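A.B. asks: Sequence:
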Amino acid sequence: MNVFKIIPPDPSQGPMALPMLDVSGIKRKFLDVPYAGDSPRQKLDIYLPEEGDGPFPTIIFMHGGAFLGGDKRDFQLAYVLNGIARGYAVVSVEQRLAPDTKFPYPLFDFKAAIRFLRANAAKYLLDGNRFASTGTSAGAYFAVMAAATQDNPAFEDLKMGNEHYSNKVQAVVAWYGLYDLIMQVELAEEIAQPGMPVINFVDMFMGISAVDNPGIMYFTNPLNFITPAFPPILIQAGEKDQVVPFQESVILYEKVKEICGADRVEFDAFPDYLHGDPRFNDPENENRVFAFLDKHLKK
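When we follow the numbering used here, the leftmost residue of the sequence shown carries the number 1, and every step to the right adds one.
FYI, nobody ran anything at the bench for these hints, they're computed from the structure.
Here are the simulated PhoX-like pairs of lysine-lysine, each with C-alpha atoms no more than 25 Å apart in a straight line:
id : residue 1 : residue 2
1  : Lys102    : Lys43
2  : Lys168    : Lys102
3  : Lys123    : Lys298
4  : Lys240    : Lys257
5  : Lys102    : Lys159
6  : Lys29     : Lys123
7  : Lys27     : Lys123
8  : Lys43     : Lys27
9  : Lys295    : Lys168
10 : Lys168    : Lys298
11 : Lys123    : Lys43
12 : Lys168    : Lys43
13 : Lys27     : Lys5
14 : Lys5      : Lys43
15 : Lys29     : Lys298
16 : Lys295    : Lys257
17 : Lys257    : Lys299
18 : Lys240    : Lys255
19 : Lys29     : Lys43
20 : Lys299    : Lys168
Taking CB as the label site, the calculated pair distances span:
id : residue 1 : residue 2 : range
21 : Gln193    : Gly52     : 42 to 48 Å
22 : Ala269    : Gln193    : 17 to 23 Å
23 : Lys123    : Ala192    : 42 to 48 Å
24 : Lys295    : Pro40     : 33 to 39 Å
25 : Lys5      : Ser39     : 27 to 33 Å
26 : Gly207    : Gly261    : 34 to 40 Å
27 : Lys295    : Ser166    : 20 to 26 Å
28 : Glu163    : Ser39     : 14 to 20 Å
29 : Val250    : His164    : 36 to 42 Å
30 : Asn224    : Asp53     : 38 to 44 Å
31 : Pro11     : Asp53     : 41 to 47 Å
32 : Ile208    : Pro11     : 31 to 37 Å
33 : His164    : Pro197    : 44 to 50 Å
These figures come from a predicted structure and were not determined experimentally.
Ideal Cβ placement from N, Cα and C applies to all residues, glycine included.
Model the full structure from these sequences, guided by the hints.
C.D. replies: Next up, the structure:
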């Protein structure tokens with residue numbers, strides 16, 4: 001049973017607008033909590049189970065939107081929000097967006113949010129030792145990149161606050177994400193459906209031509225920073241994805257398996273799923289995702 005209601009998309013927001021979630025029925029929540037800086041986008045929402053004093057294992061979610069859009073209360077949050085009925089706290093993070101804010105600052109936002117949550121875990125009934133980073137599409141990029149560069153000073157802006165707290169997570173769930181950004185640019189037209197516009201959102205995120213600057217792009221690729229300390233990860237992707245190459249998920253799976261071993265990574269490939277396919281949100285797959293999270297956050 002869903003803990004939320006779905007609000008149809010606002011036609012005035014254009015063809016890319018997503019349905020929003022009505023979370024008014026969730027009893028225990030903290031909305032629009034600032035976690036760093038003065039930007040109106042540097043805020044997060046915290047949802048708690050109806051009962052209990054915690055501390056609760058915590059799912060930290062980042063929405064997708066091609067680095068350019070999305071909202072912390074849009075339909076993508078439905079992937080994890082039912083976790084509050086399963087004994088989890090669920091946090092949805094907003095971040096600054098391209099083209100106004102370019103790499104690495106949105107990554108700094110997400111990692112600052114993790115530090116904020118750990119620093120304020122007691123206040124919000126969170127278990128700071130049981131965090132999972134999760135995300136869809138571009139949000140999966142941040143979930144994985146944060147885990148790959150956890151506590152790496154080259155990928156931090158500690159001036160954003162809570163510098164004495166770790167941004168480590170204990171598990172990752174990544175849905176149909178992009179990780180090698182040059183691959184995304186090179187294959188986008190090849191996988192697009194006929195008549196579908198292809199937007200080079202990677203260059204907008206970077207502020208440079210990705211394919212012309214491989215040296216700089218090395219530092220955007222989480223596969224280059226995965227170590228044996230990388231947390232357990234569940235990867236899910238559709239083989240018919242028409243926005244992000246399915247191969248992106250394959251190379252992530254292979255890299256984690258190579259560096260960390262086969263027991264650290266689980267990969268679900270769905271033969272006929274498209275990008276953001278609604279079947280990712282089916283009850284059967286929800287049970288599968290939470291079985292993974294239970295194994296690593298409730299043991």
